[in-house]
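> Listed in order, the protein sequences are those of chains A and B. In terms of my numbering, the first sequence has 75 at position 75, counting the first letter as 1, and numbering is strictly consecutive. Take any residue in the second sequence, count from 1 to its spot, add 1000: that is its number in my numbering.
Because the hints were derived from the structure by calculation, they are not lab data. Please note that the accuracy of each hint is not assured.
Far from chain B by the CB rule (all over 12 Å, computed), these chain A residues [stated by the list, open to error]:
(1) D10
(2) D251
(3) Y254
(4) D281
(5) H323
(6) L369
(7) N397
Listed below are the simulated BS3-like cross-link pairs for lysine-lysine, each with C-alpha atoms no more than 25 Å apart in a straight line [unchecked claim]:
(8) A:K164 - B:K1403
(9) A:K126 - A:K47
(10) B:K1164 - B:K1279
(11) B:K1427 - A:K190
(12) B:K1164 - A:K427
(13) B:K1365 - B:K1164
(14) B:K1365 - B:K1403
(15) B:K1190 - A:K427
(16) B:K1350 - B:K1026
(17) A:K427 - A:K94
(18) A:K403 - A:K365
(19) A:K283 - A:K402
(20) A:K427 - B:K1395
(21) A:K164 - B:K1164
(22) A:K194 - B:K1427
(23) B:K1026 - B:K1036
(24) B:K1283 - B:K1395
(25) B:K1243 - B:K1283
Just so you know, even glycine gets a beta-carbon here, dropped at the ideal spot from N, CA and C.
2 protein chains.
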Amino acid sequence: MAIRFELPQDEMPEYWCNILPDLPDKLPEPKDISGKSLEIMQKAMPKMDVVNEFSNERLIKIPDDIYEKYMHVGRPTPILRATNFEKYLGGNLKIYLKMEGYTYTGSHKINSALAHVYYALQDNAKFVATETGAGQWGAATALAGALYNMPAHVFMVRTSYYQKPFRKYQMDMYGADVHPSPSDFTPLGKELLKKFPDTSGSLGMAISEAMQYALDNDGKYIAGSVTNADILYKTVLGMEAKKQMEIMGEDPDYLIGVVGGGSNYGALAFPFLSEELQKHDIKRKYIASGSLEVPKMTEGEYRYDYPDTAMMLPEMKMYTLGHDFVPPAVYAGGLRYHAVAPELSLLMNKNIIEARDYGQEEAFKYSVLFSRLEGYIPAPETSHALPILKEIADKCNETHEKKTVLVSFSGHGLLDLGNYAEALNFK
Amino acid sequence: MAIRFELPQDEMPEYWCNILPDLPDKLPEPKDISGKSLEIMQKAMPKMDVVNEFSNERLIKIPDDIYEKYMHVGRPTPILRATNFEKYLGGNLKIYLKMEGYTYTGSHKINSALAHVYYALQDNAKFVATETGAGQWGAATALAGALYNMPAHVFMVRTSYYQKPFRKYQMDMYGADVHPSPSDFTPLGKELLKKFPDTSGSLGMAISEAMQYALDNDGKYIAGSVTNADILYKTVLGMEAKKQMEIMGEDPDYLIGVVGGGSNYGALAFPFLSEELQKHDIKRKYIASGSLEVPKMTEGEYRYDYPDTAMMLPEMKMYTLGHDFVPPAVYAGGLRYHAVAPELSLLMNKNIIEARDYGQEEAFKYSVLFSRLEGYIPAPETSHALPILKEIADKCNETHEKKTVLVSFSGHGLLDLGNYAEALNFK
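Assemble the whole structure, with the sequences as input and the hints as a guide.
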């Protein structure tokens, strides 16, 4: 029995899905307290990113050039059926996984990186600049830069740069300029280093440094999650999944995934949710999870807050632990963000999307189990979705119902094996 | 234009291809100088491995259970067309890549690991034991063990165990018992450690330790290259590639790849070569390359030699640098083997397969170039095939001929980024 379902490259969907016009309420506007942040955002980011951020079109055509590049980085990705894991959970679930680890950078991040870099190129930017923590986003930016022949400056949180070098090496292979942030490459970085000589860096510092460097040198700053535009670009994966499921004759009862900033889960869920919101009839269940160590999903407040710890960007209404929340050193680096994307937050607030948070120990128990049963090593972030499957399976085993689940499987864990080894005490 | 060509899972070929009956001469018999080595081999290895080693059937049916497991580790793998690299080389080549990096362990090794473990299970072995250097084979054995619920003991060359831990962590995720060889886990290991307390280990020691441990404890020893049976099991990839090319309406003028022991190149080439040998009409060009630092392909002698530095196995006639050849520390660990598989050696000796050797510096220049043009990071071993493409392209650019090339792209380089960083001086 086949357990992998491909979509041929010439059947890849031609549109991104924009949830904005179908949200049950109007999305609260960004708030520009300083009076400068909207202007900074508009100057720093590619023009079309700002246009797409506020678009009311339901479907936005993927530019031909991005479409072609999607094929060149591993799109469409397959859907796998996790038959061994199904058996382990009692046999009442059909589990389908939308596998973003099949992209060449190993996660969903490349889907929006290509779009941001393409639009920066349209603006005649001299380069793109961005920040990265664990490195998935930096690697995606580096590859997008390589394929568009656009220089990429990646400001990588100092401690990750030195302690978790594998994703940095991946960026090096792709030819990006990777700087340990704060860096002595920019005036702002030098200033920060002088002020805090022993700093291990932070995502906030790295964002400031990247944005300032872009503003000062005719570059464009690009951001890899949270914004409406970024989620929009990633919906190519959800559009694919919807088409794949339709071809298979399947319709998921549950759509599940993990939330760092929210772009991966939104990317899968929105194409399904959009049609349900239009009909005012939501039959599918949407459940997303985060890290219990960074419990924004279950303990965050729904209020205005800065998306960036540097407070350079406009405030947005979202579930947040506070922009100054200091996340503990969890190994799922992509889940350390303090807030949930505004679109997802609104849907959570309307009880359309349910939230969960799981501890690292529980999630990693499933990483090991899944690797041994299915052969595919999940990213630490991705494994936080697996306890939701257990919850659904337990319910089905009680009621003897059969259900179909579609999981946004955000990436593979091959470059995270060092983290697994530390957390699981491999000798 | 689509650049990826899939074979649906239910169209995966059902047969392995055995080249033995179609070789231009009878393959020289193994030579049992000690009078014990054949017996040791027969006792240590799975019974069906020994049967398949000497089979004269052209096509051998893949057992249903292995066929199903192939689907569960990422088979069939796609063929990609390297359109950007084609342009770089002048536009006269069509370059098709058979992508074994799409298997879950990241290389072609899993294709035979599943078969060896399956046959060990048929023999009611208590466990399988094997050696590994760089770790691709160990990782494949670990996953095969996990999927068959068969304990796996991997004896990993001591220096790799400590210095290149990522593939070891991969084996840990799959639940294998990984021992730094020589290890204090076996009597032979303890003896070796007592004799050479500061040893960094060697593949020879690791083979001895694994084989002895299997012989003494009702396990089976499995080997991941060189033997006829091992190449046979891997031909699933070549059988797929042949079917894929036929569906695409393409026929390669050149079949190229790299040789460590020879199983990856043989696996791709044999299904194509087999039909040509049967017709006594060889029109396609077969070119394989190795490492100039381990120049067995171009400087090896065609003579009887031990396949293992431990001299436990029967001698075989092959191109060899001598079983006591000490390979330098090249980063393409999979190319450090001292000899070429007997079947390939015979075909090289008959000038049916041409040989090349390329230096690490040249190969890695192509790794970087290829990563930036195509987005896919090749394994260090795989990149040694890329200079052959340049050679063919140069010829075509002179004569204005168009040619089609099929490359055995043995794996991805994500777990080799540390080696790339060292060799290429990433900061």
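> Starting from the hint list further up, note which numbers the structure goes against and sort them upward.
Result: hints 1, 6, 8, 10, 17, 20 break, sorted rising.
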